[in-house]
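Peer 1: Throw the hints in and build the complete structure from the sequences for me.
2 protein chains.
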Amino acid sequence: MSALALGHMNPDTDSIIAAIAAADLYSKRGKDVTPAAQGKPTPETEFVLNKFGLTAPQVIDDVAGKDIYLVDFSDLAQAPKGLAEANVLGIVDHHKLGDVTTSSPLEAWIWPVGCTGTVLKNMYDFYGVEIPKAIAGGMLCAILSDTVMFKSPTCTDADKKAVEALAKIAGVDDVMALGMEMFKVKSAVDGASMKDLVFRDYKDFNMNGNKVGIGQLEVVDLSILDKVKAGLQEEIAKVKAEGRHSVFLLLTDIMKEGSEMLMVSDDPSVVEKAFGVKTDGAPVWLPGVMSRKKQVVPNFEKAFK
Amino acid sequence: MSALALGHMNPDTDSIIAAIAAADLYSKRGKDVTPAAQGKPTPETEFVLNKFGLTAPQVIDDVAGKDIYLVDFSDLAQAPKGLAEANVLGIVDHHKLGDVTTSSPLEAWIWPVGCTGTVLKNMYDFYGVEIPKAIAGGMLCAILSDTVMFKSPTCTDADKKAVEALAKIAGVDDVMALGMEMFKVKSAVDGASMKDLVFRDYKDFNMNGNKVGIGQLEVVDLSILDKVKAGLQEEIAKVKAEGRHSVFLLLTDIMKEGSEMLMVSDDPSVVEKAFGVKTDGAPVWLPGVMSRKKQVVPNFEKAFK
Numbered sequence: 003m004s005a006l007a008l009g010h011m012n013p014d015t016d017s018i019i020a021a022i023a024a025a026d027l028y029s030k031r032g033k034d035v036t037p038a039a040q041g042k043p044t045p046e047t048e049f050v051l052n053k054f055g056l057t058a059p060q061v062i063d064d065v066a067g068k069d070i071y072l073v074d075f076s077d078l079a080q081a082p083k084g085l086a087e088a089n090v091l092g093i094v095d096h097h098k099l100g101d102v103t104t105s106s107p108l109e110a111w112i113w114p115v116g117c118t119g120t121v122l123k124n125m126y127d128f129y130g131v132e133i134p135k136a137i138a139g140g141m142l143c144a145i146l147s148d149t150v151m152f153k154s155p156t157c158t159d160a161d162k163k164a165v166e167a168l169a170k171i172a173g174v175d176d177v178m179a180l181g182m183e184m185f186k187v188k189s190a191v192d193g194a195s196m197k198d199l200v201f202r203d204y205k206d207f208n209m210n211g212n213k214v215g216i217g218q219l220e221v222v223d224l225s226i227l228d229k230v231k232a233g234l235q236e237e238i239a240k241v242k243a244e245g246r247h248s249v250f251l252l253l254t255d256i257m258k259e260g261s262e263m264l265m266v267s268d269d270p271s272v273v274e275k276a277f278g279v280k281t282d283g284a285p286v287w288l289p290g291v292m293s294r295k296k297q298v299v300p301n302f303e304k305a306f307k
Numbered sequence: 003m004s005a006l007a008l009g010h011m012n013p014d015t016d017s018i019i020a021a022i023a024a025a026d027l028y029s030k031r032g033k034d035v036t037p038a039a040q041g042k043p044t045p046e047t048e049f050v051l052n053k054f055g056l057t058a059p060q061v062i063d064d065v066a067g068k069d070i071y072l073v074d075f076s077d078l079a080q081a082p083k084g085l086a087e088a089n090v091l092g093i094v095d096h097h098k099l100g101d102v103t104t105s106s107p108l109e110a111w112i113w114p115v116g117c118t119g120t121v122l123k124n125m126y127d128f129y130g131v132e133i134p135k136a137i138a139g140g141m142l143c144a145i146l147s148d149t150v151m152f153k154s155p156t157c158t159d160a161d162k163k164a165v166e167a168l169a170k171i172a173g174v175d176d177v178m179a180l181g182m183e184m185f186k187v188k189s190a191v192d193g194a195s196m197k198d199l200v201f202r203d204y205k206d207f208n209m210n211g212n213k214v215g216i217g218q219l220e221v222v223d224l225s226i227l228d229k230v231k232a233g234l235q236e237e238i239a240k241v242k243a244e245g246r247h248s249v250f251l252l253l254t255d256i257m258k259e260g261s262e263m264l265m266v267s268d269d270p271s272v273v274e275k276a277f278g279v280k281t282d283g284a285p286v287w288l289p290g291v292m293s294r295k296k297q298v299v300p301n302f303e304k305a306f307k
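Residue numbers (the numbering used here), protein chains in the order written: chain A, 3 to 307; chain B, 3 to 307.
Just to be clear, a hint being listed does not mean it is correct.
When chains are identical, the list treats them as one kind, so a pair holds in a single copy or across two.
[To be verified] With a Cα cut of at most 30 Å, we get these calculated BS3-like pairs of lysine-lysine:
#	residue 1	residue 2
1	Lys30	Lys163
2	Lys33	Lys153
3	Lys304	Lys33
4	Lys30	Lys153
5	Lys162	Lys258
None of these hints come from the bench; they were simulated from the model.
Peer 2: Here it is, written out as structure tokens:
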């Protein structure tokens, strides 16, 4: 039975591409590994897959009894059904260390960089395995996406170095032009349901016993979202009503470099504790806030303590 | 304030040497890191430190408010006081993934190899940092100790390769002779109290809600322990009485390649579930069993489910 390389719930470009790259690298190291995902690609990811001729991984929803490599997450809250009965052989990630545990030694590569793609680029080099051109293109886009074209505070020199090397392998001459093309696809909201938009890049967190959902939409200009903002607010109220303490939705303007945050919360004062901005539940503008991982989650975790 | 590189409770040679090596490597990567330990070196570790002119790390028992790199463990049960209020910046380890979590991205190098020293050797190479001669000698001994001179089932090709390279750096011509010298020191029981012997290499585990202690003494000949066996049995009964479900003590004969296991348990039937050997609490001989991590802990974890 093939082992699975598997990204988190509501897969983004990094978690899909990382599954493809990890399966490729582990296979070339003599293991039998297939990429998998917990859902279909977003429009942004579709664009990247098509651009480089890659195939979307199989969608799975239960991993009981399976051997798996986790990519781009280590939280049980982002895992599929059956993880407790799965055998986690490895983790490649760039987030905080979550609550996944194993009963046998594993191989974990977790680095404080902007993207799992950057860690994988270094793993390929470490093991002396050549990166296929198409996968290099995918990893390049994943890094541009996760680091918001190097503007996110999560971006490190290692990410920039990886993009430079991957662009050569993939034959991409103008990295930033490719990034803008990709973010324009990401910005498009036409034809998507409110639910699709809220869950496009959404994660649940356990914050001191409270279930807190945080979604993010990144656009090249916030005005793109004017016509859907009321619908998004209604939609996160529904998500909150499913038993969450709070749901926050970051509307990130990647050119202005900041986020408007919509919210529905049992206690909106956590927003003031986290960001110093008073609100009774009305949206707030958070200048400079672009990274859920580095700027939003740690602040809320402190606020919930 | 200097960050700490810190090994597990009841430090063995690997966790002391790994703290020294990690602090050296991270310092040379531009971070301010000092080695630390949760206790004094064992006679084996003393031998290794003296052999290569290394200094025992400072002993600490509270890490609240500190920046730390964990080496050789990722379990809260093996952590010092205050870990919940510490900032874990990194993990270098070769065990199963424990229940430590972080609130920020970290750097974790966890590999399924025989020794943290092997992971660190590869990290030095990855970052292009030269390994100081004395630290190379210490890492070499840590690998020989953890892999029981390559006899343990935890030993991998990566461990053997690391020893070969480290021996050259440290100027050690006969690796196996050094290993036997070290294991003879480890085998000595004269002058040590029963408590010292039980805790020389001892770890507590949470097995399905039960606190289970597992210690291990490795000797070049089991007959060395004949005169202390009754005393050890009495001592583990005291440790068990402090609120544990079971305490097991492995007396490992590294030449015969097997372990006699002493025990005090609320339910000795877990031994039969784990190893297929019936006992009412009397010691059992487990042929081929040399590794707590790979052979004993996983079997008991299944037995406790």
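Peer 1: Are the hints correct? Go through all of them and say.
Peer 2: For each hint, the structure was consulted:
1. Lys30 x Lys163: Classified as both; 24 Å inside a copy, 21 Å across copies.
2. Lys33 x Lys153: between (36 Å within a copy, 25 Å between copies)
3. Lys304 x Lys33: Answer is between; shortest inter-copy Cα gap is 25 Å, intra-copy 41 Å.
4. Lys30 x Lys153: between (34 Å within a copy, 28 Å between copies)
5. Lys162 x Lys258: Within one copy only: 21 Å inside a chain, 54 Å across chains, cut-off 30 Å.
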